[in-house]
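Build the complex: two chains, separate frames, hints provided.
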Amino acid sequence: MTRTGSGHPAGAADAVPAILAEVLGDPAVAGLPPDTPLLAGGLDLDSVTVVRLLAAVRERTGVDVADLDLDLDALTTIGTLTAFVAAHAV
Amino acid sequence: MTAAARLVKVVVWDLDGTLWPGVALESAEEPAVFPAAVQALDALAARGILVAVASRNPAEVGALVERSRQLAGRFAAAEYGWGRKSEAVRRIAEDLDVQLEAVAFVDDDPLERAEVERELPQVVVLDPQEVPDALGWPEFDPGPLTAAAESRLASYRQRESRRAARAQFAGTEEDFLRWCALRATLRPAMPADADRLAELARRTTQYNSTGAGLPAAGLVVVLELADRFGDDGLVGLAAVSDPYGADWTAELVAVSCRAGGRGAVPVLLTGLARLAAARGARTLRVPCRLTERNVPVRLGLKRAGFAASSRDSRAAVFARDLGTPPSYPDWVTVEDRLNAKRAAGAVETGGNAGAAEETAGNAGAAGQTAPGLS
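In order, the protein sequence lines correspond to chains A and B.
Start counting the first sequence at 1; every next residue gets the next number (this note's numbering).
Start counting the second sequence at 1001; every next residue gets the next number (this note's numbering).
Chain B extracted, bound-state conformation (with noise of 0.2 angstroms):
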């Protein structure tokens, strides 16, 4: 329960008895949160850790969390009703997209401690007494906070918004995008990026193609996301460690989740593509991991034209002829910064692309910091 090489980065708290005294749907007044939970929270809060709520009340409790002053808006995630706390725990972890090796739970109660534990006993169970002590592990320390961690929580609700408005949309998938008024930017990646990048290697699952770290060397291709919701910033990457020849590999995709049912994947795909054909390739290719997490991924290369040409064991490699380089799907506003200058389908070679391999290199030189964690 206490190997260092973990993260937790999401902490699952309890109500009832854990957050605030009592049973509170049975009692007359609001409750009142206990002031070490308070203190928790803002200590998790600051350093980017996600908050989420499982509790055994019926979904009306969740008005009582939003009313209160010191909860109202903290939580990415809430599951409430009658089942198994570790059901809800798991749900919260797909959800939110992490594994549940980077899920902590708090519960007063010793026997929903105790059913977690048997059932995920990935996740580390704490009794609300020990977490003053435990926000001082390792496990609670993810280091260096950046802009995208701090905004982290504000995306998630943006995305409940974003749910929201989907639910209510009568129309495809497509024309939803469309309405949401979704921009995507590509760009190469430049030096500041390069914490964000780490981040993005080691956090994403679903939509991640490899989980290698970063190439330390080559190209960086990385998608910005925004639309009538808010900006999500900086979402996606693509890594191509050799970006020369005929022949491109990217040894790395990984893209939020927030971003990728979006449609992120083809969009950044599309992206690397054109801009191989424009230096000459004939052949992009994606090494893939075959895990039933990563599908995801694999979905979005197949939207983005790719097909699989080669397997072993474990991984399979994705590839799409670059002859006819692709266009952007009619659904998203593209500004495209990797080869601005060009005119489509121009094929050239050297040239001024280098100033885009140079920053992309720096860039990706940090991403050796990234620790081997998916």
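Just chain A, with the same shape it has in the complex (with noise of 0.2 angstroms):
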């Protein structure tokens, strides 16, 4: 559960783009700005997608979301996403 990625254990926040781009299936998203909101007006994240990238992200980084973010703020941008990884991950 408390897994790290691949070898990186610095390296959590960095995960976030990738793993959003890997769940999309598409590598563009990697490269997208950081202020870009992950649902309305953004990526609009579906729900089973939303649920699917809080998996990743928590087997890759160990940093589980949905239960250390009770409003869920860090959903907001793929860089407050990116930010609450980085203040978690151990």
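I should point out that these hints are in silico values taken from the structure, not numbers from a laboratory.
In this text, a Cβ means the ideal position worked out from N, Cα and C, and glycines have one as well.
Heads up, some of the hints might be wrong.
[As the list claims (entries may be wrong)] Take a look, some chain B residues computed to stay more than 10 angstroms from chain A by CB distance:
| no. | residue |
| --- | --- |
| 1 | Val1033 |
| 2 | Asn1057 |
| 3 | Pro1128 |
| 4 | Gln1129 |
| 5 | Tyr1156 |
| 6 | Ala1217 |
| 7 | Gly1218 |
| 8 | Cys1257 |
| 9 | Gly1261 |
| 10 | Pro1296 |
| 11 | Ala1307 |
| 12 | Ala1316 |
| 13 | Thr1333 |
[What the hints assert, rightly or not] Straight-line Cα separation of at most 20 angstroms, SDA-like style, residue types lysine to any residue; simulated pairs:
| no. | chain 1 | residue 1 | chain 2 | residue 2 |
| --- | --- | --- | --- | --- |
| 14 | B | Lys1302 | B | Val1317 |
| 15 | B | Lys1302 | A | Leu70 |
| 16 | B | Lys1302 | A | Leu45 |
| 17 | B | Lys1302 | B | Thr1324 |
| 18 | B | Lys1302 | B | Glu1292 |
| 19 | B | Lys1302 | B | Asn1339 |
| 20 | B | Lys1302 | A | Thr80 |
| 21 | B | Lys1302 | A | Thr77 |
| 22 | B | Lys1302 | A | Ala30 |
| 23 | B | Lys1302 | A | Thr49 |
| 24 | B | Lys1302 | A | Leu43 |
| 25 | B | Lys1302 | B | Ala1319 |
| 26 | B | Lys1302 | A | Thr76 |
| 27 | B | Lys1302 | B | Arg1337 |
| 28 | B | Lys1302 | A | Ala40 |
| 29 | B | Lys1302 | A | Glu22 |
| 30 | B | Lys1302 | A | Ala21 |
| 31 | B | Lys1302 | A | Pro27 |
| 32 | B | Lys1302 | A | Pro37 |
| 33 | B | Lys1302 | A | Asp73 |
| 34 | B | Lys1302 | B | Leu1177 |
| 35 | B | Lys1302 | B | Asp1321 |
| 36 | B | Lys1302 | B | Thr1210 |
| 37 | B | Lys1302 | B | Arg1162 |
| 38 | B | Lys1302 | B | Pro1287 |
| 39 | B | Lys1302 | A | Leu68 |
| 40 | B | Lys1302 | B | Tyr1328 |
Put into structure tokens, the structure is as follows:
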């Protein structure tokens, strides 16, 4: 559950754009600006995708956003999710 | 594999060698579906159990399925292409918002069955020969079929049309909902809703606050949704066992995944908040489990102005102050039958609101029969 990503213990936050690109199946997503909204008005992630994204983030970085971020403010933009993971990665 | 408590909600079928003989794309003729498979599909449809396809064929085979007189229009989801069958089954379960425990997988290839069995031990894995027998197992007997279950497949296909339209639509999600002419009706639950309410409480996961059964008494507010693509009927409920006093708590909020993606949670909670405010409440609380799967319901709570107020290890309470009762979003046309006779924002206690409690209480009692499955 606290598995860290492929030998990059310090790179948990860097992993977020890559995880997002992988979950969406679109490599171009990794290069989007950090202020891109994840939900309405941005990537418009649907509910299934949000659930898969959070599961992938937890598996790769050990950060359980669903449990730690009660109001889910981390799910505002790519940058807020990256920062949240950076702040909570062990 | 034969635990009696679980219910299969989706059966995922392989194509070649399972639904029809041979390799259809290599044959010059249209595939002839096995009569036994057609019988099984008919039996599943009659029980309201969804069927889906997982095939290693390229997506072109989908055209063969839709041209087949015996198969066209039956499947709620399909996964094609190379890749592991276990991944295809997992994606179908996510797409249809069911737990893996509620999925069965039928494939004639023992290697495929072994792969799914190993990767997804929760799934009921069947050889096609076992299907007629399996149809007699308790996990394939969902009990009385509600009108909503009967129309579930139609509704999934309606959702596919809506998705296709969304993909073509240049504009925001809210503009799209406006274009769809989304209409919501909020009303107190009636005794006739009991089966559907129990079903919603039991079947939903992504848009389910606590996974608890319906409270035995109190107020149940229900949401109906329709748009230009069709009428979804009753798609959401919010239950308050003690709808009196300054603090209201909704012990259960449950919305079908077909509706959840269309703003159903904020609309439902706005309706409940307005009713609570009109009856003199100051705060509306919604306890919520902190699982990954129900993150969607929490995002809906946030959109309706709720914020976390306390937590323990597995759940948090989300609260909204009712000092300024919320307004409905402007992308939906709402018929609010909860509060119809009152001026907006009027504070009034008791009186004619009693009718809502009485009928909702009856429906709530039927909720006791809901098994404790999420």
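Cross-check of the supplied hints:
1. No beta-carbon of chain A comes within 10 angstroms of the beta-carbon of valine 1033 of chain B; the shortest separation is about 30 angstroms.
2. Distance check on asparagine 1057 of chain B: its Cβ is at least 20 angstroms (rounded) from any Cβ of chain A, clearing the 10 angstroms threshold; non-interface status holds.
3. Residue-level check passed: proline 1128 of chain B sits 29 angstroms from the nearest beta carbon of chain A, beyond 10 angstroms.
4. Non-interface call for glutamine 1129 of chain B relative to chain A: holds, since the shortest CB-CB distance, roughly 33 angstroms, exceeds 10 angstroms.
5. Taking the minimum C-beta to C-beta distance to chain A, about 14 angstroms, the non-interface status of tyrosine 1156 of chain B holds against the 10 angstroms cut.
6. Every beta carbon of chain A lies more than 10 angstroms from that of alanine 1217 of chain B, the smallest distance being close to 30 angstroms; the non-interface claim holds.
7. At roughly 26 angstroms from the closest C-beta of chain A, the C-beta of glycine 1218 of chain B stays outside 10 angstroms, upholding its exclusion from the interface.
8. A Cβ of chain A approaches the Cβ of cysteine 1257 of chain B within 10 angstroms, the least distance being about 7 angstroms, so the stated non-interface status is violated.
9. Interface exclusion of glycine 1261 of chain B from chain A breaks down, the closest Cβ pair being 6 angstroms apart, not more than 10 angstroms.
10. Under the 10 angstroms C-beta cut-off, the non-interface status given to proline 1296 of chain B relative to chain A is violated; the minimum distance is some 4 angstroms.
11. Look at alanine 1307 of chain B: its CB is around 6 angstroms from the nearest CB on chain A, not clear of 10 angstroms, so calling it non-interface is violated.
12. In this structure alanine 1316 of chain B is not separated from chain A by more than 10 angstroms, as the shortest Cβ-Cβ distance comes to only about 5 angstroms.
13. The claim that threonine 1333 of chain B is not at the interface with chain A holds, since no C-beta of that chain comes within 10 angstroms of its own (minimum 20 angstroms).
14. Distance hint between lysine 1302 of chain B and valine 1317 of chain B is fulfilled; the C-alpha atoms sit about 12 angstroms from each other, no more than 20 angstroms.
15. Of the pairs offered as hints, the one joining lysine 1302 of chain B and leucine 70 of chain A holds, with about 10 angstroms between alpha carbons and a cut-off of 20 angstroms not exceeded.
16. A C-alpha spacing of about 16 angstroms is found between lysine 1302 of chain B and leucine 45 of chain A, which places the hinted pair at or below 20 angstroms, so the restraint holds.
17. A threshold of 20 angstroms between alpha carbons decides the hint, and for lysine 1302 of chain B with threonine 1324 of chain B the separation of about 16 angstroms falls inside it, so the pair holds.
18. Taking the CA atoms of lysine 1302 of chain B and glutamate 1292 of chain B, the gap is near 16 angstroms; set against the 20 angstroms cutoff, the hint holds.
19. A threshold of 20 angstroms between alpha carbons decides the hint, and for lysine 1302 of chain B with asparagine 1339 of chain B the separation of about 23 angstroms lies outside it, so the pair is violated.
20. For the hint pairing lysine 1302 of chain B with threonine 80 of chain A, the CA-to-CA distance comes to about 16 angstroms; that is within 20 angstroms, so the pair holds.
21. Taking the CA atoms of lysine 1302 of chain B and threonine 77 of chain A, the gap is near 15 angstroms; set against the 20 angstroms cutoff, the hint holds.
22. For the proposed pair lysine 1302 of chain B and alanine 30 of chain A, the alpha carbon gap of about 27 angstroms is over 20 angstroms, so the pair is violated.
23. Proximity of lysine 1302 of chain B to threonine 49 of chain A is assessed by CA-CA distance (about 18 angstroms); at most 20 angstroms being required, the pair is judged to hold.
24. Restraint check for lysine 1302 of chain B and leucine 43 of chain A: the C-alpha separation of about 18 angstroms stays at or below 20 angstroms, so the hint holds.
25. For the suggested pair lysine 1302 of chain B and alanine 1319 of chain B, the alpha carbons sit about 10 angstroms apart, so the restraint of at most 20 angstroms is met.
26. Simply put, lysine 1302 of chain B and threonine 76 of chain A have alpha-carbon atoms about 12 angstroms apart, close enough for the 20 angstroms limit, and the pair holds.
27. A threshold of 20 angstroms between alpha carbons decides the hint, and for lysine 1302 of chain B with arginine 1337 of chain B the separation of about 24 angstroms lies outside it, so the pair is violated.
28. Between lysine 1302 of chain B and alanine 40 of chain A, the direct Cα distance comes to roughly 13 angstroms. Compliance with the 20 angstroms bound is thereby established for this hinted pair.
29. With a C-alpha separation of about 27 angstroms, the suggested pair lysine 1302 of chain B and glutamate 22 of chain A falls outside the 20 angstroms cut-off, and the hint is violated.
30. Among the hinted pairs, lysine 1302 of chain B with alanine 21 of chain A is inconsistent with the structure: their alpha-carbon atoms are about 25 angstroms apart, more than 20 angstroms.
31. A distance of roughly 30 angstroms separates the Cα atoms of lysine 1302 of chain B and proline 27 of chain A; the hinted pair therefore is violated under the 20 angstroms criterion.
32. A distance of roughly 16 angstroms separates the Cα atoms of lysine 1302 of chain B and proline 37 of chain A; the hinted pair therefore holds under the 20 angstroms criterion.
33. Taking the CA atoms of lysine 1302 of chain B and aspartate 73 of chain A, the gap is about 9 angstroms. The hint holds against a cut of 20 angstroms.
34. This hinted pair checks out: lysine 1302 of chain B and leucine 1177 of chain B have alpha carbons roughly 19 angstroms apart, not beyond 20 angstroms.
35. Only pairs whose Cα atoms come within 20 angstroms are accepted, and lysine 1302 of chain B paired with aspartate 1321 of chain B is accepted, the gap being roughly 13 angstroms.
36. Restraint check for lysine 1302 of chain B and threonine 1210 of chain B: the C-alpha separation of about 16 angstroms stays at or below 20 angstroms, so the hint holds.
37. Of the pairs offered as hints, the one joining lysine 1302 of chain B and arginine 1162 of chain B is violated, with about 25 angstroms between alpha carbons and a cut-off of 20 angstroms exceeded.
38. For the hint linking lysine 1302 of chain B to proline 1287 of chain B, the alpha-carbon distance of about 13 angstroms falls within 20 angstroms, and the restraint holds.
39. Note on lysine 1302 of chain B and leucine 68 of chain A: the hinted pairing holds, with a Cα-Cα distance of about 16 angstroms set against a maximum of 20 angstroms.
40. Proposed proximity of lysine 1302 of chain B and tyrosine 1328 of chain B is supported: the alpha carbons are some 14 angstroms apart, at most 20 angstroms.
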